[in-house]
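Participant: So the chains spell out like this:
There are 2 protein chains.
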Amino acid sequence: MLYLIGLGLGDVEDISVRGLRIARSAVRVYFEMYTSLLQGPDGGVPALEALLGRSVIPADRETLEEKASDILFGAGDGDVAVLVVGDPMAATTHSDLILRAREAGVPVKILHNASIISAVGCTGLQVYRFGAVVSICFWTESWRPRSFAQHVRENLRRGLHTLCLLDIRVKEPDMTALMRGRKEFEPPRFMTVAQAASQLLEIVSQPPTAEASDGESTPEGEPTRDVPDCFTPDTLCIGLARVGLPDEKILAAPLRDLIDVDMGGPLHSFIVCGGLHPLELEFVRQFALDLSKLPQAMK
Amino acid sequence: MLYLIGLGLGDVEDISVRGLRIARSAVRVYFEMYTSLLQGPDGGVPALEALLGRSVIPADRETLEEKASDILFGAGDGDVAVLVVGDPMAATTHSDLILRAREAGVPVKILHNASIISAVGCTGLQVYRFGAVVSICFWTESWRPRSFAQHVRENLRRGLHTLCLLDIRVKEPDMTALMRGRKEFEPPRFMTVAQAASQLLEIVSQPPTAEASDGESTPEGEPTRDVPDCFTPDTLCIGLARVGLPDEKILAAPLRDLIDVDMGGPLHSFIVCGGLHPLELEFVRQFALDLSKLPQAMK
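Chains as they are written, first to last, in full-length UniProt numbering: chain A, 1 to 299; chain B, 1 to 299.
Take these hints with a grain of salt, some might be off.
What the hints assert, rightly or not - Reference excerpt, derived from the structure (chain B facing chain A, CB under 10 Å, subset only):
| hint | residue |
| --- | --- |
| 1 | Glu13 |
| 2 | Val17 |
| 3 | Asp87 |
| 4 | Arg102 |
| 5 | Asn113 |
| 6 | Gly131 |
| 7 | Leu160 |
| 8 | Val243 |
| 9 | Glu280 |
To be verified - Far from chain B by the CB rule (all over 10 Å, computed), these chain A residues:
| hint | residue |
| --- | --- |
| 10 | Ala50 |
| 11 | Asp77 |
| 12 | Val106 |
| 13 | Phe138 |
| 14 | Lys183 |
| 15 | Met263 |
As the list claims (entries may be wrong) - Here chain B is said to cover these stretches of chain A; the calculated rule only asks that three of the stretch's residues, wherever they fall, bring their Cβ under 8 Å from a Cβ of chain B:
| hint | segment |
| --- | --- |
| 16 | 113 to 119 |
| 17 | 124 to 136 |
Read the hints as simulated data drawn from the structure, not as lab findings. All C-beta atoms in this analysis are idealised placements derived from N, C-alpha and C, irrespective of residue type, glycine included.
Please construct the entire structure, taking both the sequences and the accompanying hints into account.
Facilitator: Structure (structure tokens):
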């Protein structure tokens, strides 16, 4: 059996009782380390090994995508476990590995766990008032994608909140070293709330024509030139850091005020708020960076 | 400290190692039994008590909403735990209890866990291709709400999937008994995939004018009379039962073919599919009720 076991939000003890039992007795245990990470030194490996009482095999994207047959080796007779921070099927899917397992006749079981997708409820915002989730990636000088902002605007027009997942770069090849013939990796990078806010602020400060052109639909009677009005530097946003961990931090403020907050270590997420229900409002007030700067209705 | 501890998708061993440790040593443990349930007899109470090695206090909506001060009693000095199936802050929020705790000066910690909101990834559909979540409630002779179908249509127009949470009725007062002066409760009811499909089929078979009138926006140039075209008896839907449990069942078929499937015991959920990415498509094929009836592209 191939088990995909969710580890939850980052504390090693977030693993389920069932997941712990299976991982302890499996033939081999892989630990996926490129889409998220556990708290603690060395990406949480020592803490995880201490809890399991056994060693784990750290697995990056290459291992999981190109060495699927190594992972599946022997899984027809014994149990092989792949541990994934969050929910193994959320945010990033491991569909490909599952499809390969099924092709090889290896049965698969998924142990779900907490994911930021549902844990955003910790802000008091109601999960059914969220629209499509978007991802914000690191901009480079030549690559500055902003089409995700369309989805944010579409959500806002419907009064819906948007959860923005922030970029994670782990084991990125170091191009300078590569050109010198050495395979080295850049240090891991995790987008912060301040970085996300500043990319978003740049987007909302520009005319929206560029991204509106690639198929964005606008409600009848609302000309394209009015589109940016729903998403401005004053739009209420929420920055989240280390959700579910002891040092979780949540800050609510207009977009423009989040560009220089320091919310500490990874992982961070970001919410662009749509319309707020009174109970949501009461809850979000607790997280205000500066109560006097919240929209009038929230003070 | 007030702990809200998520129990995950319904297997008693889905509780986290940390959650188990806290619940075992807490002064009192409540078990919320009105928004979901654990597997096993008596709503999972005996199984839960066996795992924790202690008794739990079953809590219905009334206990949690009207007796918050009883729950919080002593929580300033010791630990009180409230166990909630799923994620304590997803699907239904327990915001009110948290706000009251904070007013009373009681610190609060949330232990997130798996929720159907992110576990839908088990279908192979990508979570960032879902739009707003909707709830479908039991229709009565006089109350047949269908405005949620607007959200499904809005999602479909953007190519997004819709997760539909299906109604749960636990501890509903028995009106006939109440009129005779006796406080009795109806047996628990859980909406099935077939019931949800048949309500949806009735909605898509009717002219959309009624629900279109309460503020539904239509993309420019698309007259209202064309609206129903995006959501029809042929729209691909997925029925889900007991996600994450050993007898999980997933079936994909056009809406019209799901009205008489029998997917067994609770809990059930429902997905209306938007556009499918090739990898999603490959995964969803595995769940086809009848491969020949899937849309042409999926065969």
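Participant: Against each hint, give a clear statement of whether it holds in the structure.
Facilitator: Results of checking the hints against the structure:
At its closest, the beta carbon of Glu13 (chain B) sits 4 Å from a beta carbon of chain A; the interface hint therefore holds under the 10 Å criterion. For Val17 (chain B), the interface hint holds, the least distance from its beta-carbon to any beta-carbon of chain A being 4 Å, beneath 10 Å. Given hint, Asp87 (chain B) at the interface with chain A, holds; its Cβ is 5 Å from that chain's nearest Cβ, closer than 10 Å. The interface hint given for Arg102 (chain B) is met, as the beta carbon of that residue sits about 7 Å from the closest beta carbon of chain A, less than 10 Å.
A hinted interface residue such as Asn113 (chain B) counts as satisfied when its beta carbon comes closer than 10 Å to some beta carbon of chain A; here the least separation is about 5 Å, so the hint holds. Interface hint status for Gly131 (chain B): upheld, as the beta-carbon distance to the closest one in chain A is roughly 5 Å, under 10 Å. Annotation: Leu160 (chain B) was flagged as interfacial toward chain A, and the flag holds, the nearest CB pair being 6 Å apart, inside 10 Å. Below 10 Å, beta-carbon pairs count as interface contacts, and Val243 (chain B) has one with chain A at about 8 Å; its hint therefore holds.
At about 8 Å, the closest approach between the beta carbon of Glu280 (chain B) and any beta carbon in chain A falls short of 10 Å, and the interface hint on this residue holds. No Cβ of chain B approaches the Cβ of Ala50 (chain A) within 10 Å, the least distance being about 12 Å, so the stated non-interface status holds. Against the 10 Å criterion, Asp77 (chain A) stays outside the reach of chain B, whose nearest CB is about 20 Å from its own CB. A cut-off of 10 Å between C-beta atoms confirms that Val106 (chain A) is not in contact with chain B; the least separation is 14 Å.
At roughly 18 Å from the closest C-beta of chain B, the C-beta of Phe138 (chain A) stays outside 10 Å, upholding its exclusion from the interface. In this structure Lys183 (chain A) is separated from chain B by more than 10 Å, as the shortest Cβ-Cβ distance comes to about 28 Å. A cut-off of 10 Å between C-beta atoms confirms that Met263 (chain A) is not in contact with chain B; the least separation is 18 Å. Residues of the segment 113 to 119 of chain A with a Cβ under 8 Å from some Cβ of chain B number 6, which satisfies the need for three, so the listed coverage holds.
Under the rule that three or more residues need a Cβ within less than 8 Å of chain B, the assignment of the segment 124 to 136 of chain A holds, with 11 such residues.
Consistency with the previously given hints is maintained throughout, with no hint failing.
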